[in-house]
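Let the sequences and hints guide you as you build the complete structure.
Protein chains in written order, with the numbering used here: chain A, 1 to 137; chain B, 1 to 106.
FYI, nobody ran anything at the bench for these hints, they're computed from the structure.
Among the clues, some could well be false.
[Said to hold, decoys possible] Restricting the straight-line Cα-Cα distance to at most 16 Å, the calculated cross-link-like pairs of lysine to aspartate or glutamate (EDC-like) are:
#1 LYS108(A) to ASP78(B)
#2 LYS98(B) to GLU53(B)
#3 LYS5(B) to ASP61(A)
#4 LYS5(B) to GLU57(A)
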Amino acid sequence: MAVGFKQKSKLSSEIPNASIADIVFLLLIFFMTVTVFKEYQGLRVQLPPAKATQKIEAKRDICYIWIDRENKINIDDVLISTAEIEPIMTEKMRDNPYLIVSIRADEKARYGQVAMLMESLKKANALRINFATLVEG
Amino acid sequence: MNPAKGLGLTLPPPGEQVEINPENILKILVRADGAILVEGEPTPLNEVRQKVEQKRMEFKAERGQDEEIIVSLLAVPDASYRNMVDVLDEIKLAGAKKISIATPEF
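Pasting the structure below:
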């Protein structure tokens, strides 16, 4: 006598998701610890206040130049001399013609140093500038 | 996060020398001692805005509402950067559209 057996498959087609939350948190913690946001230290400066201060919207197109009260100049965390400004900025403008130069000068810096910086920026064709200020009022 | 903020300006291209009628220019000078001269007249900082606004209105009344006077700001090299920014701030608050930062003699 032949007996027909019909074997039911007990395998489930669902993906076990009990540990997905653990995996997600592990990944989150991993990326939180290893991610480093690029932020320039620059020089220690006290920016002057201004009422007509406006925010620059195009954050990716900004190059920061610091001038401290001892009239030292720093571009992208590198101390440089006045003569080096033009070649450095010329190269930056070649890489990004839409660059905006944010001049972060100390309020007690000598204006002559800022004026020389502006002359070098003109020669490098970096014409869009922004004098960094604190919001006043 | 420290959003970039400040007073924006566009420099003239290098080598560009345009002849401008002196009557179209309002000259402001900042001296090394912080003194401000608007068209040669000593002016306290809190009166700069009013003077620039007045000159702008007079210019528009003479030349037409679409015309703008050019405000030329010259600071001597030994002036402090703060003084220059204070005056530039007042010029911008006066609504000046055409601002020129003159090159001092080094």
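#### Entry: Hints violated by the structure (listed by number, smallest first)
none
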